[in-house]
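Those protein sequences? They're chains A and B, same order as listed. Each residue of the first sequence is one higher than the one before, counting from 69 in this note's numbering. Each residue of the second sequence is one higher than the one before, counting from 11 in this note's numbering.
Since the hints were made in silico from the structure, they are not lab data. Any given hint could be a false lead.
[To be verified] Computed cross-link-like contacts, DMTMM-like style, restricted to lysine to aspartate or glutamate with a CA-CA straight-line distance of at most 25 Å:
#	chain 1	residue 1	chain 2	residue 2
1	A	K268	B	E312
2	A	K268	B	D251
3	B	K240	A	E343
4	B	K49	B	E108
[What the hints assert, rightly or not] Listed next, with one range per pair, are the computed distances between beta-carbon atoms:
#	chain 1	residue 1	chain 2	residue 2	range
5	B	A122	A	S354	50 to 60 Å
6	A	L338	B	D275	15 to 25 Å
7	A	F176	B	P164	53 to 63 Å
[What the hints assert, rightly or not] From the derived model, a few chain A residues whose C-beta atoms are all more than 10 Å from chain B:
#	residue
8	E144
9	A149
10	M170
11	N174
12	E181
13	V203
14	Q365
15	S375
For each residue, glycine too, the CB sits at the ideal point set by N, CA and C.
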Amino acid sequence: MTQPVLDVRDLRVVFDTDDGTVRAVDGLSFALGRGETLGIVGESGSGKSVTSLAVMGLIPRPAGRIASGSIHYGGEDLLAASPRRLREIRGRRIAMIFQDPMTALNPFLTVGEQLTEMTRLHLKHSARQARDHAVAMLEQVGIPGAGRRVDDYPHQFSGGMRQRVMIAMALSCDPEILIADEPTTALDVTIQAQILELLKQLRRDRGMSIILITHDLGVVANACQRVLVMYGGRIVEEAAAGALFEQPRHPYTEGLLRSIPRWDGHSTELLRAIEGQPPNMAHPPSGCAFHPRCPYQLPRCSSESPSLTPRDASGDGGSKACFVDLATIAAVAAPAASTAAGSAPH
Amino acid sequence: MVEVAGRAVGSKGEASVAGNTPITTSGRTAPLLSVRDLKVHFPGRGGWWTRRSVIRAVDGVSFDIRAGETLGLVGESGCGKSTTARAIVGLVRPTSGEVWLNGARIDGLSDAAMRPHRATVQMIFQDPFASLNPRLTVGATITEPMTILGLHSPKDRQFEALRLMRLVGLDPRFLNRYPHEFSGGQRQRVGIARALAVQPKLIVCDEPISALDVSIQAQVINLLMDLQQKLGLAYLFIAHDLAVVRHIARRVGVMYLGRIVEMADSSELFAHPRHPYSEALLSAAPLPDPARERVRQRIVLEGEVPSPDRVYAGCPFADRCRRVESDCRATPPRLEGGNHQVACFHADS
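Let the hints inform the model, and build the full structure from the sequences given.
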């Protein structure tokens, strides 16, 4: 990877709850390359959304706090930056799209007012300039009749159009990094396809770097070059999208991929579900957080927490946090598994 | 009418045989559920100075479900799939059309008249947090339908609740726990046990897994399929996730603006969609496969689903259709064909 645009090192975010201190993000390190779309996959409580809030400096206080770590953006540690400096960066250099546009947009302001607020602040636009820019942004994200619709209120837009408004808002200052937290989860598939296409276009045309947070493996396969899989506040596997889907090397990743049906397959057999429940992060399991649900667990998994190690010998094929070598297990189990795979030609 | 397996829960082997019989003889057995030209219209905006518009949520839907069979309904939000489900179980009153369950007509029945039919059809809801009464224990939740329908003696109801908990994979020791003590997946199991309490033949499932974590979804899908095998249940399975519907349903209907535009066997529909809307819907659904995703062609639909208060002379999809011709706007196409039905004048053959 060339010089990363964002470099997160050993990030730890904790929340104080009635149930005790929750380590929502527990020693997370990753780098985002220029012009790269990085997927972060995980279930509720895995820490994926908290990670994005930490980057944006939006961890709710006083319940939550960043216990340690650094988030470097262009040689500057965002965690050490002053609130004033953070305001300069947030929205201008690093922008975010949230899952639910209805709660992220202000219902009392027209979308034009919300779009111009940003550019007047960050780009010092005049009222006229800001309005023209707002219309241009709405056009760019594919809102028909942008010149008229700029004066509409959020409730006058459909779900898909509202999400576009939010993307237009995030893009209006031409940020270097876009963080999209479940940007298509509330949308129908045909609208989702349009939004994903738009994100790809932005990456191509503007060289934007994107962090795409999602639980949908189809969305990841469609839009991301590289993927982080999170479980219990940690990265359990990180690899290029193709390698991760073809040869998962962490039991949780493998379990996820085996448990989802495909609409192009012929499988009528039972899905191989991951047994058990996601961990309660107020009382996380000892050792590896996944070990109570893991079909490959070793005795040491309940006492030691595996650190990230290379997925393969070359060392550039990503990393995994698991004591078990799934590559050798796959080789041993292959003859038995081939009969089952025969019925599902993918 | 075949006496379906649900009654003979104890004998597993027998049950699955009985449950499967109607599928193999599908042409001859009377369907368990018949829906004919179902319409559900809601009053829309206006009505003071202007003429009140009509929201045609469901606008002429017909299908059959046979005992032991799963029919899937897919479509985007607002297509009418959930309203169809709610109209069948009597949660909304149909505007017109007929719903026949087990040979009896059940549309438009009063709550009291509908009650005996609730032993035949039950429903599972999307949100396992909202669909359970927080003040009832799991045991009380599961026994309540039995009490209402007067099934079993009070003591037997407790045994029955314990049996159902085991059947859906809940630890019977949790009988006296409350819903808030359970995770989403476990609550959905409670909802399934409650539905099974009256030994129904048909369960209407409205997005039963979409509120659950990915790793939990497969557990619930497997449970539903396992129960179908054991009890010979029929499902009307409604979901927006195409892969899940493809996996669980034998037949699938695609809905658009209150109508079924295509209906076929699941494997056939997903391999060879013929309606231009089904084609676009499938092409938009991503596959968990980066290599395939790189090379797939997408059919991009222009615009969004139009408002269901519009009245169409012709095909409601015509405005967004890439195969539209002049005849499409004149008369509405009907759902036609043998096993693979399409409502389109220019369907892919």
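Against the structure, the hints come out as follows:
1. K268/A <-> E312/B: OK: K268/A and E312/B at ~18 Å, within 25 Å.
2. K268/A <-> D251/B: holds, 23 Å
3. K240/B <-> E343/A: holds, 21 Å
4. K49/B <-> E108/B: holds, 9 Å
5. A122/B <-> S354/A: 50 to 60 Å: At 56 Å between Cβs, range holds.
6. L338/A <-> D275/B: 15 to 25 Å: holds, 20 Å
7. F176/A <-> P164/B: 53 to 63 Å: Distance hint for F176/A, P164/B holds at roughly 56 Å.
8. E144: At about 34 Å from chain B, E144/A clears the 10 Å cut-off, so the statement holds.
9. A149: holds, 35 Å
10. M170: Non-interface label stands for M170/A: nearest chain B Cβ at 14 Å, farther than 10 Å.
11. N174: holds, 23 Å
12. E181: holds, 24 Å
13. V203: holds, 20 Å
14. Q365: Fine: 16 Å to the nearest Cβ keeps Q365/A off the interface.
15. S375: holds, 23 Å
In this structure, every one of the numbered hints holds.
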